[in-house]
Amino acid sequence: MKNPLTVTTLSNGLKVFLKEIHTAPIISSWMWYRVGSRDEVQGRTGISHWVEHMQFKGTPQFPANVLDKAISREGGTWNAMTYLDWTAYYETMPAAKIDLALRLEADRMVNSQFDEKEVASERTVIISEREGNENEPLFQLGEAVQQAAFRIHPYHHEIIGDMADLHAMTRDDLYSHYRAFYIPNNAVMAVAGDFDTPSMLARIRELFEPIPAGPPPVRVARPEGEQRGEIRLSVEGPGSTTYLQVCYRVPAASHPDFFPLIVLDSLLAGPSNFNMFSGGISNKTSRLYRALVDKEYAVSVYGGAHATVDPFLYSIVLTVHPKRKAEEALAALDREIERLRREKVTKAEIARAIKQARALFAYGSENITNQAFWMGYSEMFADYGWFESYLERLAAVTVKDVQRVANEYFKPQRRVVGTYVPLNGGQA
Amino acid sequence: MTSKKVHTALPGPNDIYREVLPNGITVLTRANFNSPSVVISGYFDAGALFDPDEKLGLADFVASALMRGTKKHTFDEMYNILESAGASLGFSAGVHKSGFNGRALAEDLSLLLGLLAEALTQPAFPKAEMEKLRAQLLTGLAISAEDTSEMASETFDKILYRDHPYSRPEEGTPETVKRITRDDLVKFHGECYGPRGMVIAVVGAVEAEEAVRQVKRALGSWQVRGQKEPPALPDVKPLRKTVSKHHRMPGKSQSDIVIGTNGPKRRDAEYMAASLGNNILGQFGMMGRIGDAVREKAGLAYYAYSSLYAGIGPGSWEVSAGVNPSNVTRATRLIVDELKRFVQEGVTEDELADSKANFIGRLPLSLESNGGVAGALLNIERYDLGMDYYLRYADLVNAVTREDVLSAARKFIDPQKLAIAVAGP
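Chains as they are written, first to last, in our numbering: chain A, 1 to 428; chain B, 1001 to 1425.
The set of hints was computed from the structure by calculation and includes no laboratory data.
This one's a predicted model, so the numbers in the text were calculated from it and none came from an experiment.
Please note that the accuracy of each hint is not assured.
What the hints assert, rightly or not - Listed below are the simulated DSSO-like cross-link pairs for lysine-lysine, each with C-alpha atoms no more than 27 Å apart in a straight line: (1) A/Lys-284 - B/Lys-1178; (2) A/Lys-117 - B/Lys-1297; (3) A/Lys-323 - B/Lys-1356; (4) A/Lys-69 - B/Lys-1297; (5) A/Lys-69 - B/Lys-1356; (6) A/Lys-295 - B/Lys-1127; (7) B/Lys-1356 - A/Lys-97; (8) A/Lys-284 - B/Lys-1071; (9) B/Lys-1127 - A/Lys-325; (10) A/Lys-69 - B/Lys-1127; (11) B/Lys-1187 - B/Lys-1071.
Work out the full structure: start from the sequences and follow the hints.
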């Protein structure tokens, strides 16, 4: 039951993916821009996320407050997200109403106003968003670990940005960022759902082709150097629970080793779920759960990789058991990592990881928004072929591959270990 | 190209299959072959209302313990079966009901139902596993105690519901969870769990008859003598004046606020009017009027919205916001002003038309996934809405007038009698 897929690039460089799915009277339309926190320098951290917020603050044709009401009125849902490498906007609408979403995206690709007053009011909203994040111990810890892992590469800072920059950035900073990156030749559009491809494509051409291409955006080119030795750090804050975050440097999603890493992740920490609109599964028989939670070094453990353009981090987060010290939990984790590097995994473990991935794929395909999501998402760090060949490439992973990547990437001298030390008691 | 078959039908009597098994279990199914997956979801009468005051969190402990080992399989064996299939299954306790959610590839439905039956009917509550679970539950409580939004919400429930059972935290407190023994778990399961009142929805790539056959095979022979009736629910005494409480949490960057009052029951005649009113108040577009005042105009908060929680008993109608600790007073004033305006002026014809269109238009979206449909089927059953509820839904929405919204608002919200809870520095 394969749905017809059309891929084309408009004369202005906008790449368009169309996938007809006639299971429900719904269409989901996504606009992806290749801009994220990786495109930010010190002093402008958080600018991509702030621009995303400003994209909801109106154009002359769709003033602020009109937009969201218009989408809601038609029974649609819309949102946006900013990540390390990309910013994405989507609208999922009753099929007959999708034209509103298409007009809106074409309009705000070029015509957003960035009104001074709106910038001022959004500044405090984003500061409030950051303050909400700061309430969370795991945000505090994650931010510190990421900063330590990347001294040179802009993956250094959190997507939301540093508080100092959120106070200092100006309307003109935001507007220039918008103009530099929001151009058709820096975007991918993905539409899935209940439409007829020729008429959908014609309408997209009509709305988007008049938007001129821009000069290719200049990228920050500051690759991170080799890490020479383990980095350890701690963050203190309120609470009585100790957390441990251990991050290993892993390659970009387009690297061939990424697939053995996905298999490794599955058996180490339970399968990562890359679907954005569908839940994952539990990890209670993963190696780390058995070694850390069953043995009461931790009360929970999560691990996962991120699909990124440049090498990023494989991250393991432990909630340390109240009767244990962080050091004991780390030692138990190290025994498992060591085992993974020393002993071959079994073929059965690999087969299990593939079955898990197959199930997660099936869950993700229940929903049209998620299917449209994948077309653009995979393009942001690789290409749609990455998604389409995902299960095949997992199936091709061998026992040797897994052991090799375990040895290559899970070295103590290439990791950052962060501890959240609770100030209201608990062990540390 | 072949002709396109667009599946436009909302769930209704033609495609929902319902059967009550001889032991009292109600099975609801709807087939969907768009994806090779299947969802199971359900509830049964073993909620936190049964918890003794000194052992709050008991129903939650029992629900969490079901998957920790049965007479047939250990904890690790159960999850090994489940996770090896890429499937999931979890139990949780609510106030009135406890429930479960699971999903699998359709080829593994019988595996999933087998584990469900085992967990429900033959849990072993192994001693060592219970102590591990207790430590996890206690850590969960310690983490919640550091969460401003959890604490604001708990403080709100205490103000609003005082001595009513709804004021009690379902997860219990560290003191009560420490007090719960293995015998308590066994006794609770023996007395409160049983097929009577249990409802299960199966939605996905399986034919209705086959789904029912599989549920029968898994749970059809379950019998429990003397299954306890849920305790009666006392009335809620409304507040006589506004009551404010601040739960101090030093070191936090943001405070959470919850402001509200009692709301309708799901079966109350005012429910739909209140629900549309709530959409206008704090949902529609960018979080409705509340979002407009607190976020868009004042720039005080990233989130500020209202919610209507309507269930079996008297629900709540709440506004929530997260703001800088120095803005709590200002944000509270803006929210209370919006509540005043809401009960004085009501809503406009345009606002109501917008929200009606939103309710009707978004329905297909909420029913897109198997989980969404399963939720809808359980909703119909739980509140006796009728098999044709989603077919009648547009008419029910369209029948609501401005006057209905205003009288619902006035019936439930008195701006002089609010519960105001703040958690933060």
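- Message: Would the hint linking A/Lys-69 and B/Lys-1127 be met if the CA-CA limit is 27 Å?
- Response: Given pair A/Lys-69, B/Lys-1127 is violated - Cα atoms ~55 Å apart, limit 27 Å.
- Query: Given the hinted pair A/Lys-295 and B/Lys-1127, is their alpha-carbon gap at most 27 Å?
  - Reply: holds (15 Å)
- Query: Regarding the pair A/Lys-69 and B/Lys-1356, is the alpha-carbon distance no greater than 27 Å?
  - Reply: Holds. A/Lys-69 to B/Lys-1356 sits at ~12 Å (cutoff 27 Å).
- Message: Check whether the Cα positions of A/Lys-284 and B/Lys-1178 lie no farther apart than 27 Å.
- Response: Holds - the C-alpha atoms of B/Lys-1178 and A/Lys-284 are around 24 Å apart, at most 27 Å.
- Item | Pairwise hint evaluation, A/Lys-325 against B/Lys-1127, where the allowed Cα distance is 27 Å at most | holds (24 Å)
- Task: Would you mind confirming whether the straight-line C-alpha gap from A/Lys-69 to B/Lys-1297 stays at or under 27 Å?
- Result: holds (16 Å)
- Verify the proposed pairing of A/Lys-323 with B/Lys-1356, using a straight-line Cα cut of 27 Å. violated (54 Å)
- Do the alpha carbons of A/Lys-117 and B/Lys-1297 lie within 27 Å of each other, as the hint requires? At roughly 10 Å apart (the allowed maximum being 27 Å), B/Lys-1297 and A/Lys-117 satisfy the hint.
- Item | Straight-line alpha-carbon gap A/Lys-284 to B/Lys-1071, limit 27 Å | holds (19 Å)
- Would the pair B/Lys-1356 and A/Lys-97 pass a check requiring their Cα atoms to be no farther apart than 27 Å? holds (16 Å)
- Query: Is the hinted pair B/Lys-1187 and B/Lys-1071 satisfied, with a Cα-Cα distance of at most 27 Å?
  - Reply: holds (16 Å)
Of the numbered hints listed earlier, those contradicted by the structure are 3, 10.
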